[in-house]
Amino acid sequence: MTMVSIGEFSRLSRLSPKALRLYGELGLLVPARVDADTGYRWYATTQLEQARVVASLRRAGVPLARIRAILAREPAAAAEEVRAYWAEAEAEHAAQRVLVGRLVDHLHGKEPAMYEVDVRDIPERKLLSVVSRVSEDEFEAMTRELFIHRLRRSGVPRVAGVAGAPFTIYHGEVSGDSDGPVEWCWPVPGDRAAEIAAGFPDLTLRTEPAHQEAFVRQETPGPWAGANQVEVAVGTLFAWASQRNRQPSGGMRAVLVRDPAQRGSGPYVEFALSLR
Numbered sequence: 004m005t006m007v008s009i010g011e012f013s014r015l016s017r018l019s020p021k022a023l024r025l026y027g028e029l030g031l032l033v034p035a036r037v038d039a040d041t042g043y044r045w046y047a048t049t050q051l052e053q054a055r056v057v058a059s060l061r062r063a064g065v066p067l068a069r070i071r072a073i074l075a076r077e078p079a080a081a082a083e084e085v086r087a088y089w090a091e092a093e094a095e096h097a098a099q100r101v102l103v104g105r106l107v108d109h110l111h112g113k114e115p116a117m118y119e120v121d122v123r124d125i126p127e128r129k130l131l132s133v134v135s136r137v138s139e140d141e142f143e144a145m146t147r148e149l150f151i152h153r154l155r156r157s158g159v160p161r162v163a164g165v166a167g168a169p170f171t172i173y174h175g176e177v178s179g180d181s182d183g184p185v186e187w188c189w190p191v192p193g194d195r196a197a198e199i200a201a202g203f204p205d206l207t208l209r210t211e212p213a214h215q216e217a218f219v220r221q222e223t224p225g226p227w228a229g230a231n232q233v234e235v236a237v238g239t240l241f242a243w244a245s246q247r248n249r250q251p252s253g254g255m256r257a258v259l260v261r262d263p264a265q266r267g268s269g270p271y272v273e274f275a276l277s278l279r
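Each residue of the sequence shown is one higher than the one before, counting from 4 in the working numbering.
Quick caveat, the hints were computed from the structure, so don't treat them as lab data.
One should not assume that every hint holds.
[What the hints assert, rightly or not] Straight-line Cα separation of at most 25 Å, DMTMM-like style, residue types lysine to aspartate or glutamate; simulated pairs:
1) LYS21 / ASP40
2) LYS129 / GLU198
3) LYS129 / GLU186
4) LYS21 / GLU139
5) LYS113 / GLU234
6) LYS113 / GLU95
7) LYS129 / ASP194
8) LYS129 / GLU148
9) LYS21 / GLU141
10) LYS21 / GLU11
11) LYS21 / ASP140
12) LYS21 / ASP38
13) LYS129 / GLU211
14) LYS129 / ASP205
15) LYS21 / GLU52
16) LYS129 / GLU143
[To be verified] Across the chosen pairs, the derived CB separations fall in these ranges:
17) GLU77 / GLN246: 49 to 55 Å
18) ARG147 / GLY167: 17 to 23 Å
19) GLU11 / ALA82: 28 to 34 Å
20) LEU51 / SER181: 35 to 41 Å
Don't be surprised by glycine CBs; every beta carbon is placed ideally from N, CA and C.
The task is simple: from the sequences and hints, build the whole structure.
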């Protein structure tokens with residue numbers, strides 16, 4: 004195995020020593036050897052392929068947490084993950100176009116076009132929840148960890164229908180400049196709520212009262228929503244509520260819905276606003 008210094012590896016991979024140190028700390032590209040006395044890093048030339056993959060993913064704008072998940076997969080699954088990321092990125096670009104168009108209309112004194120808004124009744128329910136401040140890059144990883152790796156794979160029973168869909172509440176904006184906070188909520192059967200909550204002592208069990216909520220479906224189907232898509236939904240739903248003298252209650256919700264008519268397909272996001 005041929006070893007090269009961090010300086011030479013930087014030249015060959017076109018990644019700066021600063022980037023290499025960061026990727027090493029995050030476990031994305033760990034040096035093959037670190038000198039115990041000097042801390043100097045050495046890399047195997049066989050690591051160049053992984054370095055180029057990491058560099059390409061970063062140039063494509065993939066967050067570091069997402070890169071870690073991609074690298075952990077087999078090549079075919081990793082390729083699907085990259086394809087899924089790009090579909091989400093294109094949805095974000097489309098939402099950004101809508102935001103810019105609305106801003107232009109507003110500055111010209113025009114009424115912006117809005118998506119169709121529906122209303123549904125949500126019964127009283129028990130929720131397992133947790134509130135945290137997260138960056139835009141951390142949001143998806145946190146959602147995957149809680150909703151998929153912990154609760155779904157632990158076999159936590161679900162409430163039937165859309166009232167049983169897991170959802171997040173944006174109590175504040177999540178963007179490059181703002182970190183929420185965000186609340187992750189998982190509805191659980193009322194008769195087993197205390198028993199289920201005992202298995203997750205770090206989560207809060209709370210009761211949400213019955214209410215109506217206005218909602219719109221994400222324009223591009225998929226399980227994740229970026230900041231621009233959330234902002235488009237915020238503008239649509241709050242404008243709808245204002246026009247009809249309906250009082251919002253709490254922040255914007257991203258509801259992870261699975262359509263029973265589309266068997267085998269993944270969940271998609273509906274944006275909702277709880278109404279008083």
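Can the restraint linking LYS113 and GLU234 be considered satisfied, given a maximum Cα separation of 25 Å? The given pair, whose Cα atoms are some 19 Å apart, holds under the 25 Å limit.
Okay, LEU51 versus SER181 on CB: inside 35 to 41 Å? holds, 38 Å
Is the Cα-Cα distance between LYS113 and GLU95 25 Å or less? Holds - the C-alpha atoms of GLU95 and LYS113 are around 24 Å apart, at most 25 Å.
Okay, GLU77 versus GLN246 on CB: inside 49 to 55 Å? holds, 50 Å
Between LYS21 and GLU141, is the straight-line Cα distance small enough, at 25 Å or below? Distance ~21 Å between LYS21 and GLU141 Cα, so the pair holds.
With the threshold set at 25 Å, check whether the alpha-carbon distance from LYS21 to GLU11 stays at or below it. Distance ~14 Å between LYS21 and GLU11 Cα, so the pair holds.
Measure nothing beyond the straight line between the CA atoms of LYS21 and ASP38; if it is 25 Å or shorter, mark the hint as holding. holds, 18 Å
Mind checking the alpha carbons of LYS129 and GLU198 for me, to see if they're no more than 25 Å apart? The hint holds at about 12 Å.
Straight-line Cα separation of LYS129 and GLU186 no greater than 25 Å? holds, 14 Å
With the threshold set at 25 Å, check whether the alpha-carbon distance from LYS21 to GLU52 stays at or below it. Roughly 19 Å between the alpha carbons, so the hint for LYS21 and GLU52 holds.
Next pair to validate is LYS129 with GLU211; report whether the Cα-Cα distance is within 25 Å. holds, 6 Å
Holds or violated: LYS129 and ASP194, Cα atoms, limit 25 Å. holds, 9 Å
In this structure, none of the earlier numbered hints is contradicted; all agree with it.
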